[in-house]
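2 protein chains.
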Amino acid sequence: MELKVYVDRLSQPSRAIVIFCKVNKIDFEEVGIELLKGQHLTPEFKEINPMGKVPAIVVDGKFKLFESHAILIFLASAFPGVADHWYPADLYRRAEIHSILDWHHSNLRRGSIEFIQNTLLAPFFGRPLNPQAAAEGEKVLSSSLSKIEALWLKESGQFLLGSSQPSIADLCLVCEIMQLEFTDETDRNRILGPHKKIQQWIEDTKNATKPHFDEVHQALFAAKVKLQMQRK
Amino acid sequence: MELKVYVDRLSQPSRAIVIFCKVNKIDFEEVGIELLKGQHLTPEFKEINPMGKVPAIVVDGKFKLFESHAILIFLASAFPGVADHWYPADLYRRAEIHSILDWHHSNLRRGSIEFIQNTLLAPFFGRPLNPQAAAEGEKVLSSSLSKIEALWLKESGQFLLGSSQPSIADLCLVCEIMQLEFTDETDRNRILGPHKKIQQWIEDTKNATKPHFDEVHQALFAAKVKLQMQRK
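One line per chain: the protein sequences are W and V, in this order. For the first sequence, full-length UniProt numbering begins at 1 and goes up steadily by one. For the second sequence, full-length UniProt numbering begins at 1 and goes up steadily by one.
Please keep in mind that the hints were generated in silico from the structure rather than gathered at the bench. There are no misleading hints in this set.
In this list, chains with the same sequence are indistinguishable; a pair is considered to hold if it fits within one copy or across any two.
List of simulated lysine-lysine pairs, DSS-like, C-alpha gap at most 30 Å:
{"no.": "1", "residue 1": "147", "residue 2": "64"}
{"no.": "2", "residue 1": "196", "residue 2": "64"}
{"no.": "3", "residue 1": "64", "residue 2": "197"}
{"no.": "4", "residue 1": "46", "residue 2": "154"}
{"no.": "5", "residue 1": "147", "residue 2": "197"}
{"no.": "6", "residue 1": "62", "residue 2": "4"}
{"no.": "7", "residue 1": "232", "residue 2": "37"}
{"no.": "8", "residue 1": "154", "residue 2": "62"}
{"no.": "9", "residue 1": "64", "residue 2": "139"}
Looking at chain W on its own, in the form it has when it is part of the complex (with noise of 0.2 Å):
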């Protein structure tokens, strides 16, 4: 099967991509989309994502899907060799990881986006911050963050549902999170601290996807730091 991934590595979906391909010796193809160039916008990039979004995956050079979650079920579930823990066949563990990314939607990924476009990115998107719609977000994401310690890593395992081994639900929910890396010191101090047990967790994911979880996650930090000196 061959694989050609659309992605930015400064998009979040993206990074859980990249990384589930890499840990699981999927052989592909990454394709870089560059956001802040508008990459995402082109008339090509439309042929492959007609909402214009990365990531988006084109495989065998006719099959194209988009939106993070079917990717990267599909991708556990077509390519040989990924391992049960990231997507079980079981019906009642599937369902509930099923449920915890249906709720990632409208929960931490919307306060976590609110959050940082409204304090950080939306000027290289045009638009202005907007301090009531950033503290909303912070809000959600605040919120988000203590029913994931509260229901789904109180059990005795490392990861989401008490398990010993993490699944696409941990890969997704935990990029997500990283993304704060974007923002000040400050705020994420203020938004992280209070959850020691999600901050044991991202250590944890980190080890159990290593090298690629940091090799990935490089852009991040570099454009972090381009930003930084932007400010200043």
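Take the given structure of chain W and dock chain V to it, following the hints.
Using the frame of chain W, we list chain V on its own:
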């Protein structure tokens, strides 16, 4: 398998699940959770779904699941006799359905909820109406309807992805659009008027799931009449 389904038929994802069970002759007990009475926020219901939202299910008195897409996928997979078109076994077809359902969260659903909450329902939950948020919701909603027509209803079949029979994605998205029945006729005509394919698709989904579609939507029509009288 013993199935309890916790729903409010005024909620669009709740209706999708009730219709799905009835069409597929899945035995279930329906437990009404009245949102307008705040029954979703009671400690008893939070034992079922700690997020305090409907729908939720309990299987065999112990397995609890929330998030409507995850529930539909689980029901289609765990109950024998559900026809393949609802949730195809083919990985490529399945991936496309996942993609539509994931897209739904931050597009059609988000627009629909923002519009209806802020033109109508917010006061019932102790919040003021917000015309600016309603206008933004309508924009997202209308753009989502255009995308559905352009991308997924363009092929020969009556249903999403050119299929001749409905999938769980058809059911979820059509139930979402039906929520517009709550709004004024002027609003509904302005929003749905330009979308002839969407109107036909709603009819086709009703027909493919009759008589259950109309029966389950009765609660919505009744609530609408009551609401109109209250406003007069």
